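Chains as they are written, first to last, in the numbering used here: chain A, 530 to 599; chain B, 27 to 496.
Derived from the structure by calculation, the hints contain no laboratory data. Values in this document were obtained by computation on a predicted structure and should not be read as measured data. We put the CB at the ideal spot given by N, CA and C, even for glycine. Among the hints, erroneous ones may be present.
[Claimed, not checked] Okay, derived cross-link-like pairs now, SDA-like style, lysine to any residue, Cα gap no bigger than 20 Å in a straight line: (1) 66/B to 324/B; (2) 398/B to 532/A; (3) 387/B to 586/A; (4) 304/B to 75/B; (5) 387/B to 304/B; (6) 304/B to 51/B; (7) 66/B to 494/B; (8) 387/B to 589/A; (9) 284/B to 485/B; (10) 387/B to 536/A; (11) 532/A to 376/B; (12) 84/B to 115/B; (13) 387/B to 537/A; (14) 398/B to 567/A; (15) 66/B to 583/A; (16) 61/B to 45/B; (17) 61/B to 95/B; (18) 66/B to 304/B; (19) 398/B to 494/B; (20) 284/B to 579/A; (21) 387/B to 533/A; (22) 398/B to 579/A; (23) 284/B to 586/A; (24) 387/B to 532/A; (25) 84/B to 166/B.
[As the list claims (entries may be wrong)] From the structure, some residues in chain B lie toward chain A, with a derived Cβ separation under 10 Å: (26) 338; (27) 425; (28) 429.
[To be verified] Okay, the calculated beta carbon distance ranges per label pair: (29) 548/A to 300/B: 27 to 35 Å; (30) 595/A to 374/B: 16 to 24 Å; (31) 425/B to 578/A: 42 to 50 Å.
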Amino acid sequence: MSKPLQDAALGDIASALQYIDLPPERVARTRPLFEANNAIVARAAQARLGIDDNPGDFVVWLESFEGNTP
Amino acid sequence: MSALHELSLTALADAIAAGETTSRAATEASLTRLKAIGPKVNCVVLLEEDKALAAADKADAARKAGKPLGRLHGVPLAHKDLFYRSGRPCAGGSKIRQGFVPDKTATVLNKLDAAGALDLGTLHMAEFALSPTGYNEPYGHARNPWNTDHVTGGSSSGSGAAVAARLVSASLGSDTGGSIRHPAAMCGLTGLKPTWSRVSRANAMPLSWSLDCIGPLARNARDCARLMSIISGADAADPTAARLAVPDYETALSGGLKGVTIAVPGNYYYEHVTAEVKALLDASLAALRERGAKTVATTAPDMSLVNALMIVVMAVEAAGIHRNWLATRPDDYADQVRSRIEPGLYYPATRYTEALSLRAKIAAEYLATAMKGADMLHLPALSIPVPTIAETTAGDPAAVAARIGTITHCTRGINYLGLPALSVPCGFAGGMPVAFQLVGKPFAEALLLQAGDAYQRVTDWHTRAPAMAV
Numbered sequence: 530m531s532k533p534l535q536d537a538a539l540g541d542i543a544s545a546l547q548y549i550d551l552p553p554e555r556v557a558r559t560r561p562l563f564e565a566n567n568a569i570v571a572r573a574a575q576a577r578l579g580i581d582d583n584p585g586d587f588v589v590w591l592e593s594f595e596g597n598t599p
Numbered sequence: 027m028s029a030l031h032e033l034s035l036t037a038l039a040d041a042i043a044a045g046e047t048t049s050r051a052a053t054e055a056s057l058t059r060l061k062a063i064g065p066k067v068n069c070v071v072l073l074e075e076d077k078a079l080a081a082a083d084k085a086d087a088a089r090k091a092g093k094p095l096g097r098l099h100g101v102p103l104a105h106k107d108l109f110y111r112s113g114r115p116c117a118g119g120s121k122i123r124q125g126f127v128p129d130k131t132a133t134v135l136n137k138l139d140a141a142g143a144l145d146l147g148t149l150h151m152a153e154f155a156l157s158p159t160g161y162n163e164p165y166g167h168a169r170n171p172w173n174t175d176h177v178t179g180g181s182s183s184g185s186g187a188a189v190a191a192r193l194v195s196a197s198l199g200s201d202t203g204g205s206i207r208h209p210a211a212m213c214g215l216t217g218l219k220p221t222w223s224r225v226s227r228a229n230a231m232p233l234s235w236s237l238d239c240i241g242p243l244a245r246n247a248r249d250c251a252r253l254m255s256i257i258s259g260a261d262a263a264d265p266t267a268a269r270l271a272v273p274d275y276e277t278a279l280s281g282g283l284k285g286v287t288i289a290v291p292g293n294y295y296y297e298h299v300t301a302e303v304k305a306l307l308d309a310s311l312a313a314l315r316e317r318g319a320k321t322v323a324t325t326a327p328d329m330s331l332v333n334a335l336m337i338v339v340m341a342v343e344a345a346g347i348h349r350n351w352l353a354t355r356p357d358d359y360a361d362q363v364r365s366r367i368e369p370g371l372y373y374p375a376t377r378y379t380e381a382l383s384l385r386a387k388i389a390a391e392y393l394a395t396a397m398k399g400a401d402m403l404h405l406p407a408l409s410i411p412v413p414t415i416a417e418t419t420a421g422d423p424a425a426v427a428a429r430i431g432t433i434t435h436c437t438r439g440i441n442y443l444g445l446p447a448l449s450v451p452c453g454f455a456g457g458m459p460v461a462f463q464l465v466g467k468p469f470a471e472a473l474l475l476q477a478g479d480a481y482q483r484v485t486d487w488h489t490r491a492p493a494m495a496v
């Protein structure tokens, strides 16, 4: 079970890994949006992705519509 | 013949080719309006007057000499300040890139050059292409020619204002979450976001590689069709550009829609639509039926998922592009812009690859559900009447953020899905333009343009122009 990070902790981790000063007050401003989107995508990936899915599938899917060009 | 500034792109190109006017006359007319009206709507960044007039004279001489003419021979244009031209400054609407002079030229500009178009200079845009309203703190917001208290829509704000005010006949923009469709919708223009990969992005300032698309803003669907025929196609400088054949999009404009089925998803996309806007959207559907189309009601799938996926991809890619400047020059970003990029620094890399790996499945599900066997979707381009600049910049930050979020409600998900979308004007609410968008299957731009053109043969919203005298 994952535990929620404090703003300061998230800021510390991001600052350390991104080499940018990200004080807690800036993290707090965008935190709700970040947290909501992160959770939505994580849940969708858990439910729908298998080992054979990859980003290249999208180009293959797009180009399967070649017949749409007159 | 109408005054030159009143001519559409194709009408002007045809008039120059036929010798009914000259490139010099068209270029002088455009430059006069850009200099006189441009500052009133804050849409011009840079004009290269001498170069443009010399190119116009050269174009006129070539025509007189009977040389072969391109499809935009001698037509003066100007584009968003995001397309690099070797030796010309390109700030991308930002303070940070002020003084940047590229040594390469965007493929789309090279293609327009090859078709004979002239390039008058660069047009204003939202800072780093990151605002659906056209917000630009360093250089001021562009203003809507229909009412200068209102936003133009963004991020291709200068393109929207310049084409609407009849300063140029068309302009290229870029669209990562609606940046062509917003200004097209809010300024009363026709704008096409192509299928992702249909048009090369080489040497155009990026925001998000997986979402960015380049396309036209023009007076009508025919003008968009001509521009798309020129700028689309494979490009050695952009390995992501599709290698599929490029059709002549103008030949698809048959005027009829018999046999075409248009799906109208009635749930998510109508959540914020006002009664005035709804009545105009309904009337546009009736006009499309009059041209022979059949309309069917469908339901959009879970758009909170599509929107979340789009935001993760955009934020992470934008953060990757901007990380160095976020570290070294954070105060040179407007706060509204910086706050949209920063969350990209927090998402785990796994979330980003998951968002990209899900894309094919989610897009296929979207077509199966929202389009459900139809040929295209009809959606609002903007749910609400065009807001004022004050409504999107001042007051309660939460209310401002909510209003800005509403602007992208119908557009941003389409970029994650990679689908083509055409914004078409369909009336006015409170004196400001209203538009619908047609969303197609991948690479079905020709069908969207056919539908837009068919609609414009029985309506005249696209011919209305704001009163802006020199």
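Evaluation of the provided hints:
no.: 1; hint: 66/B to 324/B; in the structure: violated, 43 Å
no.: 2; hint: 398/B to 532/A; in the structure: violated, 41 Å
no.: 3; hint: 387/B to 586/A; in the structure: holds, 9 Å
no.: 4; hint: 304/B to 75/B; in the structure: violated, 44 Å
no.: 5; hint: 387/B to 304/B; in the structure: violated, 31 Å
no.: 6; hint: 304/B to 51/B; in the structure: violated, 42 Å
no.: 7; hint: 66/B to 494/B; in the structure: holds, 9 Å
no.: 8; hint: 387/B to 589/A; in the structure: holds, 11 Å
no.: 9; hint: 284/B to 485/B; in the structure: holds, 18 Å
no.: 10; hint: 387/B to 536/A; in the structure: violated, 34 Å
no.: 11; hint: 532/A to 376/B; in the structure: holds, 18 Å
no.: 12; hint: 84/B to 115/B; in the structure: violated, 24 Å
no.: 13; hint: 387/B to 537/A; in the structure: violated, 36 Å
no.: 14; hint: 398/B to 567/A; in the structure: violated, 29 Å
no.: 15; hint: 66/B to 583/A; in the structure: violated, 49 Å
no.: 16; hint: 61/B to 45/B; in the structure: violated, 26 Å
no.: 17; hint: 61/B to 95/B; in the structure: violated, 29 Å
no.: 18; hint: 66/B to 304/B; in the structure: violated, 32 Å
no.: 19; hint: 398/B to 494/B; in the structure: violated, 44 Å
no.: 20; hint: 284/B to 579/A; in the structure: violated, 42 Å
no.: 21; hint: 387/B to 533/A; in the structure: violated, 30 Å
no.: 22; hint: 398/B to 579/A; in the structure: violated, 26 Å
no.: 23; hint: 284/B to 586/A; in the structure: violated, 34 Å
no.: 24; hint: 387/B to 532/A; in the structure: violated, 30 Å
no.: 25; hint: 84/B to 166/B; in the structure: violated, 36 Å
no.: 26; hint: 338; in the structure: holds, 5 Å
no.: 27; hint: 425; in the structure: violated, 16 Å
no.: 28; hint: 429; in the structure: violated, 16 Å
no.: 29; hint: 548/A to 300/B: 27 to 35 Å; in the structure: violated, 46 Å
no.: 30; hint: 595/A to 374/B: 16 to 24 Å; in the structure: violated, 35 Å
no.: 31; hint: 425/B to 578/A: 42 to 50 Å; in the structure: violated, 37 Å
Figure legend: structure checked against the earlier numbered hints; hints not met, in rising order: 1, 2, 4, 5, 6, 10, 12, 13, 14, 15, 16, 17, 18, 19, 20, 21, 22, 23, 24, 25, 27, 28, 29, 30, 31.
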